[in-house]
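If you want the building blocks of each chain, they are given just below.
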Amino acid sequence: MSQILILDNDRNTVETISRFLTAVQLQPATHIKRLGSLNIDEVKKLAGIIIDVEIRNLAIDELYELLSDAGEEVQRNLPIIYLYSNPESEPYRKAMEYPPNGELQKPVQLGELSDLLTRFFTLDALLDRPRMFAEQQAEHYQYLENTHQLLKRITPLVTRGGG
Amino acid sequence: MEKLELRGGHILVDSLLEGKLVIAEYQGDRSSLGEISTALKTLGISFGLLTENIQLMAEGGSGQLPVAQAYLDLLPGKIRFLPELPLNKDGLEQVLRDSKRPQVDVIHNVQEGEVLADLTSNFQAVIQYPNGYFETVSDLPPDSLSYFAGENVRYEGDTQDLRAKCDGYASRDVFGIVTVHPAGELPSILRIHGKINVPEALLVKGDIGRDCDVTCTGNLAVRGMIRSARVVTQANLFSQVGLKKSDKKTPASATVSRNLFTPHVSHFMVDVGHRMVVRNHIDHSNVRCNDLVVCPTITASTIRVGYGLIARNLRRCTRIFLGPEFVKDSGSREKESELKQHKNRLSDVEQGLLLLKERIQQEQGRLVGHIRKMQQLGETSIRSDILLAGLYKRHTASIEEYGQITSTAKRVYELIRRDWFQINYFRQNQPSGVPEIVVVGNLEPGTVIKSRNDEIKFDKLARSLRIRLSPEDGKLTATPLN
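Those protein sequences? They're chains A and B, same order as listed.
Going by numbering that gives the first Met the number 0, the first residue of the first sequence is number 0, and it counts up by one from there.
Going by numbering that gives the first Met the number 0, the first residue of the second sequence is number 0, and it counts up by one from there.
For the record, the hints were derived by calculation from the structure and aren't laboratory data.
A couple of the hints might just be wrong.
Said to hold, decoys possible - Over the 10 Å line for every Cβ pair with chain A, so calculated as not near, a few chain B residues: (1) A148; (2) D160; (3) C165; (4) K248; (5) S265; (6) R332; (7) S336; (8) L354; (9) Y391; (10) T395; (11) A408; (12) Q429; (13) E435; (14) R465; (15) R467; (16) T476.
Claimed, not checked - Derived EDC-like pairs: lysine to aspartate or glutamate, alpha-carbon spacing no greater than 16 Å straight-line: (17) B:K339 / B:D72; (18) B:K248 / B:D210; (19) A:K105 / A:D40; (20) B:K409 / A:E138; (21) B:K2 / B:D13; (22) B:K164 / B:E150; (23) B:K474 / B:D453; (24) B:K409 / A:E134; (25) B:K40 / B:D72; (26) B:K77 / B:D13; (27) B:K356 / A:D7; (28) B:K356 / A:E138; (29) A:K151 / B:E399; (30) B:K247 / B:D210; (31) B:K243 / B:D210.
This structure is a prediction, so every number in the text was calculated from the model and none was measured.
Each residue gets a CB set at the ideal place from its N, CA and C atoms; glycine is no exception.
If we strip away everything but chain A, and leave its shape as in the complex, we get:
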């Protein structure tokens, strides 16, 4: 499941976005509270970042440094969406020096969020549990088959009298 990081101090906004993401089978990541605690490995696992650029003491350049450290592919494929309340505010103008992939004014309207996310994800592939089960089954059997193939190649080398 694709993980989307939500960085915001406003609980209502986090709740609204999280519930929307859950409904469309994206996974909201809310355990990271500060940019400073984010590391490269975590960035690599993300499928998107939604960040309130008006959070106090936010150093947006830190985020872009981290993305650059994570590699070109991450930089190219990881959508960044800015949240803001006041387009005249200093933090917003400062953040816009690094143009995002999309921006939303608060309070967040789910229609706008949906339109924005549709640019990066196929949102209408919604809840699909039974098919997922069937596909998972097929994947398990395929994996089992692959491991058996590998085992078949190793066995003559390891067992006595084999090969």
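Once you've looked at the hints, dock chain B against the given chain A.
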């Protein structure tokens, strides 16, 4: 965006992603989960409701929230249960109209190899939209019909139907599971026989006497009278003479999971899971029937019925409670909780497989790495290396474990599919439409018809009426019959 006024405020509803996701915002004081759910249903949003989010909204959660979403559903095809065909609604109305009183069998005596059920349309996987619209994703193989083969019933692949494995009485439960029970025979049941509880169908050639207690899994056919007794059947009940309480002190009750067919019910407590056909009269009885009651004359009785009553005369202060609220749940909640348990189990099993996969990958890495290292030393060294032998043994065991857990996952998945189909069968075959009472003759003064929000009391004689219950507001409307 649609707006709907509620008691404490209003709700704004919008749909996104081509109707696959419905969002809503409640503005006002606190409201109840029921009120918001009803409001959504009024707007036609009935499927894939996200109860947790609606609850949050009802508790005053501010802002927009997703309230319903599309989902992939597994729908059973149309399954005809052949022995039950004469019991459709038209057939039952004929029972009243036809003076010759055609025989309607609810015992379904079948023989080994007889076809019990077949498919008239395919099983399907569909995307179910919140507004009721659905889109077929694919047709599923007809062997899914085997999920409905119960005890002593087999699925026949060549002809794609369900057949009896032995002679006996056939029945079908609310989840569509078809079973055949071999019939035990008794001349009559008296108090001296004690409590009878049999996992089969039962044919009683005489009466079931006073103070008896009879429970059977299959159909119960009584050629005589059921007197002041307690009878329970998980299938159909047929009593050729009737049900009559014979003594004031002894309780008389019949609990029937499917259909009841009898000429008389007198001074009895009756609880029927589906339909009840009484060919002459019901008097001084207390009846609860989930779907439909058909009876020419009902006298001084209380009838609670979910979806319909067809009668000729209602006499002497008979009270009818009309609407699904007055009847009980037929076990669907239990089945749904079973499905939830299976889903949780599958999720645990999948989690286990994921962890095991990680372990297998680590082992593979170490094994291949070690072999490469040893290859430089020659083949003989590889075969005699103890560390390598240990790694290989552990790896083989892990793969075997993975295979075993995969088989468990498959079994649980099959259980989920089975429960899923059966629950959807239950939902599809729930009585639907507008609940109504049709009285072709007289409604005597004192007759009361009640719904959850309305009541009609007849102070004087009325004739030939159709009384309909509006599902939206629970109001009753009486119109003359043509």
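Now the hints, each set against the structure:
1. A148: Holds, because the least Cβ-Cβ distance between A148 of chain B and chain A comes to about 21 Å, which exceeds 10 Å.
2. D160: 25 Å, holds
3. C165: It holds; C165 of chain B is separated from chain A by about 34 Å at its closest Cβ, greater than 10 Å.
4. K248: Given a closest Cβ separation of 55 Å, the condition holds.
5. S265: 50 Å, holds
6. R332: 20 Å, holds
7. S336: S336 of chain B clear of chain A: closest Cβ-Cβ about 17 Å, beyond 10 Å.
8. L354: 13 Å, holds
9. Y391: Its Cβ does come within 10 Å of chain A, the nearest being 5 Å, so this is violated.
10. T395: Contrary to the label, T395 of chain B does not stay out of reach of chain A, its closest Cβ about 7 Å off (not over 10 Å).
11. A408: 7 Å, violated
12. Q429: Q429 of chain B is indeed farther than 10 Å from all Cβ atoms of chain A, at 22 Å.
13. E435: The claim holds: E435 of chain B sits with its nearest Cβ about 37 Å from chain A, beyond 10 Å.
14. R465: Nearest chain A Cβ is 42 Å from R465 of chain B, so the label holds.
15. R467: R467 of chain B is indeed farther than 10 Å from all Cβ atoms of chain A, at 37 Å.
16. T476: 40 Å, holds
17. B:K339 / B:D72: Holds, at about 15 Å.
18. B:K248 / B:D210: Status holds; Cα separation ~10 Å.
19. A:K105 / A:D40: 30 Å, violated
20. B:K409 / A:E138: 12 Å, holds
21. B:K2 / B:D13: Distance of about 9 Å is within 16 Å: holds.
22. B:K164 / B:E150: 9 Å, holds
23. B:K474 / B:D453: 5 Å, holds
24. B:K409 / A:E134: 11 Å, holds
25. B:K40 / B:D72: Roughly 19 Å separates the two Cα atoms, so the pair is violated.
26. B:K77 / B:D13: 34 Å, violated
27. B:K356 / A:D7: 35 Å, violated
28. B:K356 / A:E138: Status holds; Cα separation ~12 Å.
29. A:K151 / B:E399: 14 Å, holds
30. B:K247 / B:D210: 11 Å, holds
31. B:K243 / B:D210: Given that 16 Å is the threshold and the Cα spacing comes to 12 Å, the pair holds.
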